[in-house]
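Assemble the complex: chain A is given as a structure, and chains B and C must be docked to it using the hints.
Chains as they are written, first to last, in this note's numbering: chain A, 120 to 323; chain B, 120 to 323; chain C, 120 to 323.
Treat the hints with care, since some could be wrong.
[Unchecked claim] Straight line, CA to CA, 20 Å or less: simulated SDA-like cross-link-like pairs of lysine to any residue: (1) A:Lys146 x C:Glu259; (2) A:Lys146 x C:Gly267; (3) B:Lys146 x B:Asn258; (4) B:Lys146 x A:Val260; (5) C:Lys146 x C:Pro212; (6) C:Lys146 x C:Leu202; (7) A:Lys146 x A:Thr183; (8) C:Lys146 x B:Glu259; (9) C:Lys146 x B:Asn258; (10) A:Lys146 x C:Val251.
No lab work stands behind these hints: they were computed from the structure. It should be emphasised that the depicted structure is a prediction, and the values quoted were computed from it without experimental measurement.
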Amino acid sequence: MENLLYWIGLAAVAVSAVTGVLDAGRKRMDLVGVAMVGMATALGGGTVRDVLLDRPVFWISNQTYLLVAFATTVLVFFVVRGLKLPQRLFLIPDAIGLALFAITGTQIALDLNAPWLVASLLGVTTGVVGGVLRDVLCNEVPLIFVPGEPYASAAWGGALTLIGLQALGVSPVIAAWSGMAVVLTLRLIGVVFAIRLPTYSERK
Amino acid sequence: MENLLYWIGLAAVAVSAVTGVLDAGRKRMDLVGVAMVGMATALGGGTVRDVLLDRPVFWISNQTYLLVAFATTVLVFFVVRGLKLPQRLFLIPDAIGLALFAITGTQIALDLNAPWLVASLLGVTTGVVGGVLRDVLCNEVPLIFVPGEPYASAAWGGALTLIGLQALGVSPVIAAWSGMAVVLTLRLIGVVFAIRLPTYSERK
Amino acid sequence: MENLLYWIGLAAVAVSAVTGVLDAGRKRMDLVGVAMVGMATALGGGTVRDVLLDRPVFWISNQTYLLVAFATTVLVFFVVRGLKLPQRLFLIPDAIGLALFAITGTQIALDLNAPWLVASLLGVTTGVVGGVLRDVLCNEVPLIFVPGEPYASAAWGGALTLIGLQALGVSPVIAAWSGMAVVLTLRLIGVVFAIRLPTYSERK
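In isolation and in its complexed conformation, chain A is listed as follows (with noise of 0.2 Å):
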């Protein structure tokens, strides 16, 4: 399971980066622009997460990860620039990312006996810090707030399987996926079909 959320954290890393480099770039900013909305991205919701578990943050205690996000960024830069991308593209690591981080963050914090509540809403945390670094770099709205559209409660949704899972007994590797696989299904069925939460005051 340690090893499991090591390379989820890599992956986690790695595509949340890319994101940030599609985002950034339809900015035209230049490459370290482009570099420093990678990195917030890759690296914003795990450090938010380490810093309220009062633990070491995880991209100054080992180095991998920050050559990671670079390495990844700089990549993206260069491949991407001359190609057209359609503009949703980015919707697809964008929810892998929230996948992925959001599952670590809630493993971490339960295995810091965290209670369910609170590791399950540090998931959403750390699922969403780095994307919304990302829209307020560049000053867009955030996904989060995008009406109607579940993006924290897929988060949340997916935190509170892996948490229901290894209360029933199941293997936390096996929560730890499914968990993922929740946060996706929710993520992208809500882009693909345009779900629609209650809001604030009714459209009439």
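Okay, now just chains B and C, sitting in the frame of chain A:
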């Protein structure tokens, strides 16, 4: 005093969550978006205070805060969505939250032996961060930057009152209530009478 | 070296406070709003550095920084409000603050045995965060994202100079001054000659 701080903290969380819901609701966010803004407003100031002071984050070590923030958010969401409330009404819970958080922040810093200037500024920070997060997430100019209306200065006045009275030997409980009264009075007088502080460039 | 770092830190705080006041003043904020922006600019970068490295926050453990930031802010507010200064003038204190903070951030991380890539990025972070906070609070595009002008890359060049010279056996004090000179030179050359880094999409 310990006990008073705990109840003030819970009240501050609840009342800040209300302002978050009212503000986010105006932006036609859905339930989850509103909940995120409500929780960020309720928990943001205290979280920054705890991270700066390197003490355990309050809502992670005690789940009650989280439950209060969550329940308040959902309750207010469903109660208020039908009503048409005057927009400036939310300045009242906002002022109460500012007062409560400023006093808990200052007192907690004093308990950790922070010098008076540091303690008073941590009080101001605890008071204002939740509201700044709320306004940034809702894409509005933070109340703290509305020119001329006392906001941070009201919080600072209350923090200095608390510190001053304790230095004069007044009981901590009375000092705390006096501090809160000062914040509320300064803030509401400012709002009602539109008192103006000096600005950078004179408007001729 | 310990001593040099302390004085560099104080100078960085003062000079960053100046840029905050100049920027906030253009927005017709009142004294308290300007003071908040000034203090956030002066203390933001070092605060993030200390939280990431899990060391005590510098302005909480030593009140002097706070007094310097506060006094500079109020002083500059009253001196400058009468003058008409050219808008780009504030790029000079901003470049100096960037250089000073980048070097202290890198050196402090090295002293805590961070590997070189982590240390250099913490230097960049320390250098840029204050200015990003300032620009976000003043609702401007952060200087770091002005396409083509070296900013983060200037800070990174200086951090790598510091690390490289020390690895070559140069005395820490000389390495620190050289690093600062590199940041300043890269940044000011970039501003004056409008050097351009490669951007994502070619402008045809």
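**Request:** Determine which of the earlier numbered hints do not hold for this structure and return their numbers in increasing order.
**Result:** Hint 7 is the one this structure does not satisfy, whereas the remaining hints hold.
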